[in-house]
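*Asks:* Next come the chains, spelled out residue by residue.
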Amino acid sequence: MKNIRNFCVIAHIDHGKSTLSDRLLETTKTISDRDLKEQTLDDMDLERERGITIKSHAIQMSYLHTDGECYTLNMIDTPGHVDFSYEVSRSIAACEGALLLVDATQGIQAQTISNLYLAIEHDLEIIPVLNKIDMDSAMIDEVAEQIIDLIGCKREQILLASGRTGQGVPEILAAIVERIPCPKGDPGAPLQALIFDSIFNSFRGVIANIRIVNGTLRQGDKVLFMNTGRQYDADELGILQLDYVPRQELSAGNVGYIITGIKVSKEIKVGDTITHLQNPAAEPIKGFEDVKPMVFAGIFPLDNDDFEDLRDSLEKLQLNDASLVFEPESSAALGFGFRCGFLGMLHLEIVQERLAREFNQDVITTVPNVSYIAYTRKGEKLTVRNPMDMPDPTILDYAEEPYITAQIITKPEYIGAIMTLCMDKRGILIKQDYLTQSRVEMTFHLPLAEIVFDFYDRLKSISRGYASFDYQPLDYRRTDLVKLDIKLNGENVDALSALVHRSKAEAFGRGICARLKELLPRQQFVIAIQAAIGAKIIARETISAMRKDVTAKCYGGDISRKRKLLEKQKEGKKKMRQFGKVEVPQKAFLEVLKLN
Amino acid sequence: MAGLYLHIPFCRQACHYCNFHFSTSLKLKEEVLRAIRAELYLRRDFFEKGAILQSIYLGGGTPSLLTGYELEALFETIYQYFRVAPDAEITLEANPDDLDEPYLTQLRQTPVNRLSLGIQSFSDEDLRWMNRAHDAAEARRCIEQVQAAGYHNLTCDLIYGAPTTSDAQWEANVRILLEYGVPHLSCYCLTVEPKTALAHFVKTGQSPPVDDDKAVRQFLHLMEAMETAGYEHYEISNFALSGHYAKHNTAYWLGAPYLGVGPGAHSFTGQIRQWNLPNNPRYAKLVQANAPWQSLKGLVWEEETLTPADCYNEYVMTGLRTKWGCNLLQISAMGDFFAAHFTKQVETFVVQGLVRRQDYHYALTREGKLLADFISAELFYTAVAGN
Numbered sequence: 001m002k003n004i005r006n007f008c009v010i011a012h013i014d015h016g017k018s019t020l021s022d023r024l025l026e027t028t029k030t031i032s033d034r035d036l037k038e039q040t041l042d043d044m045d046l047e048r049e050r051g052i053t054i055k056s057h058a059i060q061m062s063y064l065h066t067d068g069e070c071y072t073l074n075m076i077d078t079p080g081h082v083d084f085s086y087e088v089s090r091s092i093a094a095c096e097g098a099l100l101l102v103d104a105t106q107g108i109q110a111q112t113i114s115n116l117y118l119a120i121e122h123d124l125e126i127i128p129v130l131n132k133i134d135m136d137s138a139m140i141d142e143v144a145e146q147i148i149d150l151i152g153c154k155r156e157q158i159l160l161a162s163g164r165t166g167q168g169v170p171e172i173l174a175a176i177v178e179r180i181p182c183p184k185g186d187p188g189a190p191l192q193a194l195i196f197d198s199i200f201n202s203f204r205g206v207i208a209n210i211r212i213v214n215g216t217l218r219q220g221d222k223v224l225f226m227n228t229g230r231q232y233d234a235d236e237l238g239i240l241q242l243d244y245v246p247r248q249e250l251s252a253g254n255v256g257y258i259i260t261g262i263k264v265s266k267e268i269k270v271g272d273t274i275t276h277l278q279n280p281a282a283e284p285i286k287g288f289e290d291v292k293p294m295v296f297a298g299i300f301p302l303d304n305d306d307f308e309d310l311r312d313s314l315e316k317l318q319l320n321d322a323s324l325v326f327e328p329e330s331s332a333a334l335g336f337g338f339r340c341g342f343l344g345m346l347h348l349e350i351v352q353e354r355l356a357r358e359f360n361q362d363v364i365t366t367v368p369n370v371s372y373i374a375y376t377r378k379g380e381k382l383t384v385r386n387p388m389d390m391p392d393p394t395i396l397d398y399a400e401e402p403y404i405t406a407q408i409i410t411k412p413e414y415i416g417a418i419m420t421l422c423m424d425k426r427g428i429l430i431k432q433d434y435l436t437q438s439r440v441e442m443t444f445h446l447p448l449a450e451i452v453f454d455f456y457d458r459l460k461s462i463s464r465g466y467a468s469f470d471y472q473p474l475d476y477r478r479t480d481l482v483k484l485d486i487k488l489n490g491e492n493v494d495a496l497s498a499l500v501h502r503s504k505a506e507a508f509g510r511g512i513c514a515r516l517k518e519l520l521p522r523q524q525f526v527i528a529i530q531a532a533i534g535a536k537i538i539a540r541e542t543i544s545a546m547r548k549d550v551t552a553k554c555y556g557g558d559i560s561r562k563r564k565l566l567e568k569q570k571e572g573k574k575k576m577r578q579f580g581k582v583e584v585p586q587k588a589f590l591e592v593l594k595l596n
Numbered sequence: 597m598a599g600l601y602l603h604i605p606f607c608r609q610a611c612h613y614c615n616f617h618f619s620t621s622l623k624l625k626e627e628v629l630r631a632i633r634a635e636l637y638l639r640r641d642f643f644e645k646g647a648i649l650q651s652i653y654l655g656g657g658t659p660s661l662l663t664g665y666e667l668e669a670l671f672e673t674i675y676q677y678f679r680v681a682p683d684a685e686i687t688l689e690a691n692p693d694d695l696d697e698p699y700l701t702q703l704r705q706t707p708v709n710r711l712s713l714g715i716q717s718f719s720d721e722d723l724r725w726m727n728r729a730h731d732a733a734e735a736r737r738c739i740e741q742v743q744a745a746g747y748h749n750l751t752c753d754l755i756y757g758a759p760t761t762s763d764a765q766w767e768a769n770v771r772i773l774l775e776y777g778v779p780h781l782s783c784y785c786l787t788v789e790p791k792t793a794l795a796h797f798v799k800t801g802q803s804p805p806v807d808d809d810k811a812v813r814q815f816l817h818l819m820e821a822m823e824t825a826g827y828e829h830y831e832i833s834n835f836a837l838s839g840h841y842a843k844h845n846t847a848y849w850l851g852a853p854y855l856g857v858g859p860g861a862h863s864f865t866g867q868i869r870q871w872n873l874p875n876n877p878r879y880a881k882l883v884q885a886n887a888p889w890q891s892l893k894g895l896v897w898e899e900e901t902l903t904p905a906d907c908y909n910e911y912v913m914t915g916l917r918t919k920w921g922c923n924l925l926q927i928s929a930m931g932d933f934f935a936a937h938f939t940k941q942v943e944t945f946v947v948q949g950l951v952r953r954q955d956y957h958y959a960l961t962r963e964g965k966l967l968a969d970f971i972s973a974e975l976f977y978t979a980v981a982g983n
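One line per chain: the protein sequences are A and B, in this order.
Numbered by my numbering, the letters in the first sequence go through residues 1 to 596 in order.
Numbered by my numbering, the letters in the second sequence go through residues 597 to 983 in order.
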């Protein structure tokens with residue numbers, strides 16, 4: 001155990017985490033040059049495109065140190081988005097140290113600070129690394145000062161590196177061995193293994209990535225998952241290199257994987273503790289949370305006949321996305337579909353994109369909402385996840401909405417703007433701490449519903465990208481909701497109905513109407529777009545009738561080009577849903593909420 | 597019926613709205629002309645044996661950049677390899693700034709018997725905005741000189757809907773041409789084509805987008821004024837006095853075969869559409885009299901074979917644009933399911949007053965002409981959905 005080091009890498013997007021990780025793998029010969037795809041650790045297409053890590057990954061390296069001893073280094077990659085902050089915390093909990101990777105040309109970013117504090121909270125040893133020092137625009141002294149300011153280290157403790165040239169990589173490896181403590185734990189104690197990630201493999205079922213905290217796990221052991229209470233056989237276990245490498249046993253301090261024949265991801269909860277059925281540990285590892293969906297939206301097939309196909313696709317998606325939940329629902333306008341629960345808006349977008357890419361499903365997504373609690377005058381308590389389910393005002397006594405605690409780390413000059421934004425979002429400032437002279441952490445209580453729509457983008461733009469955002473569920477509080485309906489030529493479009501706070505209803509309604517005006521194609525007749533609360537119209541826009549749609553020139557060289565263009569237009573029209581006579585393009589449902 | 601199109605891919609300056617294939621460098625002019633003559637030789641058997649050309653059209657680009665000598669050489673090659681009807685319509689597109697007295701004298705030595713003048717407007721402001729090479733005075737002088745030189749078989753192009761074109765200016769443009777007694781007129785609504793200077797200006801806000809309401813007003817005025825003056829509105833953008841339909845262009849709309857020669861030109865056999873790639877240097881280099889045309893496939897030209905549905909869609913699209921409209925009997929000949937599809941889909945438009953039915957003929961009404969693309973697309977038969 002004294003030759004094991006477990007660490008993660010904390011870095012902002014684009015600060016070179018993947019390139020540097022590749023250099024570590026290369027230098028330790030874990031991976032040959034030939035195998036080295038760029039950015040080996042991000043292997044989902046979507047992750048690569050968005051430049052973020054959605055799932056965490058882990059990889060084990062063997063490293064021969066200058067003291068002549070061989071060390072086992074387990075590098076655990078962490079997801080990089082606020083929707084997945086619980087997974088980040090579990091990955092951090094599996095490590096004793098962290099590389100704090102900062103781009104020397106950009107300086108430390110806010111979201112990095114919040115993950116850094118998470119690591120410090122878990123007592124991780126932090127190794128600061130300045131990356132991209134070979135760039136002309138590197139500001140080594142300035143950024144080093146920032147780091148010293150933030151974690152109180154010494155200047156000489158900061159390593160200089162370049163993932164591109166490989167400079168500084170040997171020093172990083174040496175520092176990992178010398179500075180990060182070896183894991184503590186007792187191989188002879190009752191087994192406690194922390195699940196910090198799970199991956200679905202279509203041949204092998206669900207593979208859990210684990211860190212053994214105490215005890216020893218052997219192949220064939222009967223094991224118990226302490227939080228779910230389920231029992232399995234340890235069919236296979238091993239360590240993670242580029243492939244799964246089976247081992248007979250894993251003992252305290254090490255990181256590896258376990259396969260137990262589980263077929264569905266939702267059976268495995270990240271943060272759960274694995275112990276032996278015989279001689280179990282006295283208690284599970286602290287910090288387990290059953291992550292619950294925060295945002296709900298209806299997903300409907302574009303074509304009603306595809307309902308069963310959609311169910312099939314969602315089920316397959318759920319195999320490797322345990323946080324996705326869904327149940328059938330029906331809508332007057334959209335027919336049969338599913339009400340789905342997501343961790344957050346990014347998660348929703350990812351599910352939508354994966355449905356399109358991996359399953360070729362054309363779907364319409366309704367306006368997302370949070371989960372409300374409605375109390376009726378008869379004293380019933382109802383969970384409302386769909387605007388349609390909100391009891392009529394005559395029956396409703398009152399409703400409650402979920403609140404979150406939000407931490408925002410930023411620079412002092414943005415305090416004012418962030419304050420204004422959070423107040424506008426019905427937030428309450430709880431406290432404001434200066435982490436350093438130039439870093440301030442603001443804590444708010446905010447209604448979750450307010451961060452679902454255009455909060456994150458606005459936060460980024462008012463802080464010029466320099467604001468981190470983390471949140472945890474807090475509680476439910478009494479609220480004053482109204483149901484806002486959108487009508488097209490008088491016809492209700494229930495997919496666009498939303499529950500909103502009374503004080504926001506008018507602005508929200510105006511915003512949606514204006515956005516729809518941009519998104520709906522002109523049709524042969526005038527289209528009236530209205531936002532209504534009950535019978536009262538609170539906002540209105542009009543799209544004038546299409547007056548002209550005719551090509552000027554249609555000669556020998558124009559004919560086939562024009563035909564193809566019109567054929568394409570016609571294909572596009574099939575991706576529309578009709579509400580009364582008005583045709584709404586599929587993409588309008590996705591875009592309508594991007595107000596501003 | 598058979599028509600020959602020659603594409604002359606050179607211009608002195610680029611009009612901001614134009615997306616046709618042209619180069620403003622004249623460096624390769626001689627070589628491209630040599631290659632065009634080679635292509636005429638290589639494709640001399642394009643039409644069925646015994647076919648006689650009813651029309652020849654020199655378009656561009658700016659064919660009036662060619663000297664009289666160059667034109668004569670081209671025609672010599674054409675007459676050498678193709679049979680041309682004695683009364684064939686032979687049109688040359690010309691810019692007003694090219695047509696001076698000496699040029700017209702040279703032109704009379706060639707078989708050209710019809711001129712298509714790129715007038716566009718009689719307003720200096722419009723012409724500047726379009727980046728045309730001529731001004732309003734030149735436009736007038738050109739028409740007068742051409743008529744004085746004996747060219748009465750004329751057609752003029754006008755553009756409406758430009759941001760600089762007021763309704764009054766547009767009405768004046770139409771009036772002036774009518775006063776000159778020009779027998780054929782092509783009037784095009786300004787279109788923002790992708791990858792043009794104009795598209796860039798609109799994108800960057802230097803130019804407003806086309807004002808649809810204004811374009812509609814000006815189009816409606818045009819239709820009225822031309823009708824009053826006794827012109828037939830025989831295609832969406834074309835008006836003619838009796839007997840002056842453009843034979844060459846009409847053949848396109850009726851689905852007749854045509855051979856297009858020169859970089860970027862398209863040809864049609866009735867089943868197969870071929871197009872030369874719009875690349876002057878490559879065309880000039882590869883098209884040689886000793887290189888079989890088939891060996892240049894993929895390098896200089898490409899082709900596609902139209903499916904029955906493609907043929908039907910093109911027939912609907914081009915047919916509806918003409919005063920003759922679409923003929924249900926002709927559609928039936930393409931396949932009964934096309935006819936069934938057409939009759940079913942067209943009914944809405946008949947009810948809405950956008951399409952007029954007369955026996956087996958379906959033609960657009962005046963309101964329908966404003967929505968020709970929308971209506972054709974609705975009548976299209978697309979394979980995936982089967983409707």
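Hints were generated in silico from the structure; no laboratory data involved.
Careful: at least some of the hints might be erroneous.
Listed next, the stretches of chain A that the computed footprint assigns to chain B, with coverage defined by at least 3 CB atoms under 8 Å from CB atoms of chain B [to be verified]:
| no. | stretch |
| --- | --- |
| 1 | 547 to 555 |
| 2 | 563 to 577 |
Lysine-lysine pairs mimicking PhoX-like chemistry, simulated, CA-CA at most 20 Å apart [said to hold, decoys possible]:
| no. | chain 1 | residue 1 | chain 2 | residue 2 |
| --- | --- | --- | --- | --- |
| 3 | A | Lys222 | A | Lys263 |
| 4 | A | Lys570 | A | Lys548 |
| 5 | B | Lys810 | A | Lys564 |
| 6 | A | Lys487 | A | Lys570 |
| 7 | B | Lys810 | A | Lys548 |
| 8 | B | Lys940 | A | Lys548 |
| 9 | A | Lys573 | B | Lys881 |
| 10 | A | Lys574 | B | Lys940 |
| 11 | B | Lys940 | A | Lys581 |
| 12 | B | Lys881 | B | Lys893 |
| 13 | A | Lys570 | B | Lys940 |
| 14 | A | Lys517 | A | Lys548 |
| 15 | A | Lys573 | A | Lys587 |
| 16 | A | Lys568 | A | Lys594 |
Computed far set for chain B versus chain A, every beta-carbon distance over 10 Å [unchecked claim]:
| no. | residue |
| --- | --- |
| 17 | Lys623 |
| 18 | Arg633 |
| 19 | Ile648 |
| 20 | Ala764 |
| 21 | Thr865 |
| 22 | Asn886 |
| 23 | Ala936 |
A virtual CB, placed ideally from N, CA and C, is assigned to each residue, including glycine.
*Asks:* All the hints need checking, so say for each whether the structure fits it.
*Replies:* Results of checking the hints against the structure:
1. 547 to 555: With 9 residues close enough to chain B, the hint holds.
2. 563 to 577: Contact hint for the stretch 563 to 577 of chain A vs chain B: holds, 8 residues under 8 Å.
3. A/Lys222 x A/Lys263: Judged against 20 Å, a Cα distance of about 18 Å means the pair holds.
4. A/Lys570 x A/Lys548: holds (17 Å)
5. B/Lys810 x A/Lys564: violated (28 Å)
6. A/Lys487 x A/Lys570: Violated. A/Lys487 to A/Lys570 sits at ~25 Å, over the 20 Å cutoff.
7. B/Lys810 x A/Lys548: Roughly 10 Å separates the two Cα atoms, so the pair holds.
8. B/Lys940 x A/Lys548: violated (24 Å)
9. A/Lys573 x B/Lys881: violated (44 Å)
10. A/Lys574 x B/Lys940: At roughly 18 Å apart (the allowed maximum being 20 Å), B/Lys940 and A/Lys574 satisfy the hint.
11. B/Lys940 x A/Lys581: Given that 20 Å is the threshold and the Cα spacing comes to 19 Å, the pair holds.
12. B/Lys881 x B/Lys893: Holds, at roughly 14 Å.
13. A/Lys570 x B/Lys940: holds (17 Å)
14. A/Lys517 x A/Lys548: holds (18 Å)
15. A/Lys573 x A/Lys587: Given that 20 Å is the threshold and the Cα spacing comes to 11 Å, the pair holds.
16. A/Lys568 x A/Lys594: violated (26 Å)
17. Lys623: At roughly 24 Å from the nearest Cβ of chain A, B/Lys623 sits farther out than 10 Å, so the non-interface label holds.
18. Arg633: holds (20 Å)
19. Ile648: Non-interface label stands for B/Ile648: nearest chain A Cβ at 19 Å, farther than 10 Å.
20. Ala764: Holds: least Cβ distance 21 Å, greater than 10 Å.
21. Thr865: Consistent with the label, B/Thr865 stays out of reach of chain A, its closest Cβ about 12 Å off (over 10 Å).
22. Asn886: Holds, because the least Cβ-Cβ distance between B/Asn886 and chain A comes to about 28 Å, which exceeds 10 Å.
23. Ala936: holds (18 Å)
Against the hints set out earlier in the document, violations occur for numbers 5, 6, 8, 9, 16.
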